[in-house]
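Taking the hints into account, I'd like the entire structure generated from these sequences.
First residue of the sequence shown? That's 4 in our numbering, and the numbers climb one at a time after it.
The reader is advised that the hints may include incorrect statements.
Said to hold, decoys possible - Below, a list of computed lysine-lysine pairs in the DSS-like style, where the Cα atoms sit at most 25 Å apart:
| no. | residue 1 | residue 2 |
| --- | --- | --- |
| 1 | 178 | 54 |
| 2 | 25 | 338 |
| 3 | 25 | 73 |
| 4 | 216 | 25 |
| 5 | 25 | 139 |
| 6 | 165 | 178 |
| 7 | 300 | 216 |
| 8 | 139 | 297 |
| 9 | 25 | 157 |
| 10 | 28 | 247 |
| 11 | 129 | 149 |
| 12 | 28 | 8 |
| 13 | 7 | 165 |
| 14 | 71 | 7 |
| 15 | 56 | 30 |
| 16 | 338 | 193 |
| 17 | 7 | 35 |
| 18 | 56 | 157 |
| 19 | 338 | 8 |
| 20 | 181 | 54 |
| 21 | 342 | 300 |
| 22 | 178 | 35 |
| 23 | 28 | 7 |
| 24 | 292 | 216 |
| 25 | 297 | 129 |
| 26 | 165 | 73 |
| 27 | 216 | 181 |
| 28 | 28 | 56 |
| 29 | 8 | 35 |
| 30 | 193 | 71 |
| 31 | 250 | 30 |
| 32 | 139 | 247 |
Derived from the structure by calculation, the hints contain no laboratory data.
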Amino acid sequence: MFLKKILSIDIGSQNIKIAYGKYNKNKIYIDKLIITYTPLHCIEDGNITDKIKLTEAIGQVLAINGIKTKDVIFTTNSTDIISREVLVPDVEDEELDTVVQFEIQQYLPIIMEDYIVQYNVLEHVKDESSGGIVNKLNALTVTYPKHMAEQYLKLAEELQLKPEALDVNFNAVSKLFKNSFDINGEIFVKEQTTAVIDMGAEKISINIFSDGKMVFNRIISSGGNVIDRNIARSFDVNLEEAEKRKKEFCDLLGEKGIAHMEEANAVIRETVDSWIDEIRRVLQFYTNKKVGNKIDKIFIHGGTSRLKDLAGYMENNLNIPVSNINSISNVVLGKDVVKENMDYFLNGIGALIRL
Numbered sequence: 004m005f006l007k008k009i010l011s012i013d014i015g016s017q018n019i020k021i022a023y024g025k026y027n028k029n030k031i032y033i034d035k036l037i038i039t040y041t042p043l044h045c046i047e048d049g050n051i052t053d054k055i056k057l058t059e060a061i062g063q064v065l066a067i068n069g070i071k072t073k074d075v076i077f078t079t080n081s082t083d084i085i086s087r088e089v090l091v092p093d094v095e096d097e098e099l100d101t102v103v104q105f106e107i108q109q110y111l112p113i114i115m116e117d118y119i120v121q122y123n124v125l126e127h128v129k130d131e132s133s134g135g136i137v138n139k140l141n142a143l144t145v146t147y148p149k150h151m152a153e154q155y156l157k158l159a160e161e162l163q164l165k166p167e168a169l170d171v172n173f174n175a176v177s178k179l180f181k182n183s184f185d186i187n188g189e190i191f192v193k194e195q196t197t198a199v200i201d202m203g204a205e206k207i208s209i210n211i212f213s214d215g216k217m218v219f220n221r222i223i224s225s226g227g228n229v230i231d232r233n234i235a236r237s238f239d240v241n242l243e244e245a246e247k248r249k250k251e252f253c254d255l256l257g258e259k260g261i262a263h264m265e266e267a268n269a270v271i272r273e274t275v276d277s278w279i280d281e282i283r284r285v286l287q288f289y290t291n292k293k294v295g296n297k298i299d300k301i302f303i304h305g306g307t308s309r310l311k312d313l314a315g316y317m318e319n320n321l322n323i324p325v326s327n328i329n330s331i332s333n334v335v336l337g338k339d340v341v342k343e344n345m346d347y348f349l350n351g352i353g354a355l356i357r358l
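So this is what it looks like as structure tokens:
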């Protein structure tokens, strides 16, 4: 547990989100939430491609906001970071690392020396597939490329910051959902199965939680920038104008209106419909894995989740209750923090929790 104040930096393809605060006694106290644009061509699928520009951008925003703390946590998202469930023999703790790594090699065609492997045991199970009954462990594994970890360590060095941890977005958010608390003023029941969907500019990350544990994760390689590109192509405008039209004309549950607004809305709906089809397939894959699996509730967050009426539109199409995350009772925001922006920063806020 950290009692000192920490910087938590979530670098996305479009925005850098910084949470500054501390974690104490199951609550996260936030002093500042800062967002700034990610310089072009600096991040690609979580990999740092221009360390110099990125260092300048982060250093400048820290100086402008008067942040002198040196302790930093980076949280990232990438299709190169792989999470999978593996079934392993129920061995002693000191043998588990070796067994998990062996099983991962059977599932994934990777060179283990190039990856950092971490895992959480989800449950003890009885395996009857071989005719007898064998005690096994169901573990959720995460494989993180070492070269990517080294990129963030070097970024911290360039910023003259002290790296405390390197987190993964879905793991950061999972720590927010370990206990029962209030979301949007209503009690979140951790025993229910909940999908929390991070809707970003380039990726949509689907994370499923049950009994306070993350049990499933998948990434869809699409996001808000795809809408911008589709609008730009359809109406022969630049991406800046396309993003403006997306924000101005999007009304997913609206009735047909002014022609040019409805034309843009049709392009937006087409992209959103493709996301919903992908999300439905992911949720069905999870529910089909085991008898009794079902999704009770969906929460959405991230910049793209703010498309007008997206939550209601998703709910109508998926037949599952869907809500934006507007407030969380165990996140205490300082008096100068803009409360309406909290959902942009859930990854960084969750990363402040060190268990």
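Hint check results:
For the hint linking residue 178 to residue 54, the alpha-carbon distance of about 29 Å lies beyond 25 Å, and the restraint is violated. At most 25 Å may separate the alpha-carbon atoms for a hinted pair to count; residue 25 and residue 338 meet this at roughly 15 Å. A distance of roughly 13 Å separates the Cα atoms of residue 25 and residue 73; the hinted pair therefore holds under the 25 Å criterion. At roughly 22 Å between alpha-carbon atoms, residue 216 and residue 25 fall within 25 Å of each other, so this suggested pair holds.
Between residue 25 and residue 139, the direct Cα distance comes to roughly 38 Å. Violation of the 25 Å bound is thereby established for this hinted pair. For the hint pairing residue 165 with residue 178, the CA-to-CA distance comes to about 22 Å; that is within 25 Å, so the pair holds. Taking the CA atoms of residue 300 and residue 216, the gap is about 15 Å. The hint holds against a cut of 25 Å. For the hint linking residue 139 to residue 297, the alpha-carbon distance of about 23 Å falls within 25 Å, and the restraint holds.
Proposed proximity of residue 25 and residue 157 is supported: the alpha carbons are some 24 Å apart, at most 25 Å. Between residue 28 and residue 247 the alpha-carbon distance is near 42 Å, which puts this suggested pair outside the 25 Å criterion. The straight-line distance between the Cα atoms of residue 129 and residue 149 is roughly 34 Å, outside the 25 Å bound, and the hint therefore fails. Of the pairs offered as hints, the one joining residue 28 and residue 8 holds, with about 14 Å between alpha carbons and a cut-off of 25 Å not exceeded.
The hinted pair formed by residue 7 and residue 165 meets the criterion: a straight-line CA distance of about 13 Å does not exceed 25 Å. With a C-alpha separation of about 13 Å, the suggested pair residue 71 and residue 7 falls inside the 25 Å cut-off, and the hint holds. With a CA separation close to 34 Å, the supplied pair residue 56 and residue 30 exceeds the 25 Å bound. Proposed proximity of residue 338 and residue 193 is contradicted: the alpha carbons are some 29 Å apart, above 25 Å.
Among the hinted pairs, residue 7 with residue 35 is consistent with the structure: their alpha-carbon atoms are about 14 Å apart, no more than 25 Å. Between residue 56 and residue 157 the CA atoms are separated by roughly 13 Å; this keeps the pair inside 25 Å, and the hint holds. Only pairs whose Cα atoms come within 25 Å are accepted, and residue 338 paired with residue 8 is accepted, the gap being roughly 16 Å. For a cut-off of 25 Å, the pair hint linking residue 181 to residue 54 is broken: about 34 Å separates their Cα positions.
Distance check on the hinted pair: residue 342 and residue 300 sit about 23 Å apart at the alpha-carbon level, within 25 Å; holds. Proximity of residue 178 to residue 35 is assessed by CA-CA distance (about 20 Å); at most 25 Å being required, the pair is judged to hold. Distance hint between residue 28 and residue 7 is fulfilled; the C-alpha atoms sit about 13 Å from each other, no more than 25 Å. The hinted pair formed by residue 292 and residue 216 meets the criterion: a straight-line CA distance of about 17 Å does not exceed 25 Å.
With a C-alpha separation of about 21 Å, the suggested pair residue 297 and residue 129 falls inside the 25 Å cut-off, and the hint holds. Distance check on the hinted pair: residue 165 and residue 73 sit about 6 Å apart at the alpha-carbon level, within 25 Å; holds. Proximity of residue 216 to residue 181 is assessed by CA-CA distance (about 6 Å); at most 25 Å being required, the pair is judged to hold. A threshold of 25 Å between alpha carbons decides the hint, and for residue 28 with residue 56 the separation of about 37 Å lies outside it, so the pair is violated.
For the suggested pair residue 8 and residue 35, the alpha carbons sit about 11 Å apart, so the restraint of at most 25 Å is met. Of the supplied pair hints, the one linking residue 193 and residue 71 is violated, its CA atoms being roughly 37 Å apart against a limit of 25 Å. Distance check on the hinted pair: residue 250 and residue 30 sit about 34 Å apart at the alpha-carbon level, beyond 25 Å; violated. The hinted pair formed by residue 139 and residue 247 fails the criterion: a straight-line CA distance of about 53 Å is larger than 25 Å.
Hint compliance for this structure: hints 1, 5, 10, 11, 15, 16, 20, 28, 30, 31 and 32 are not met, and every other hint is.
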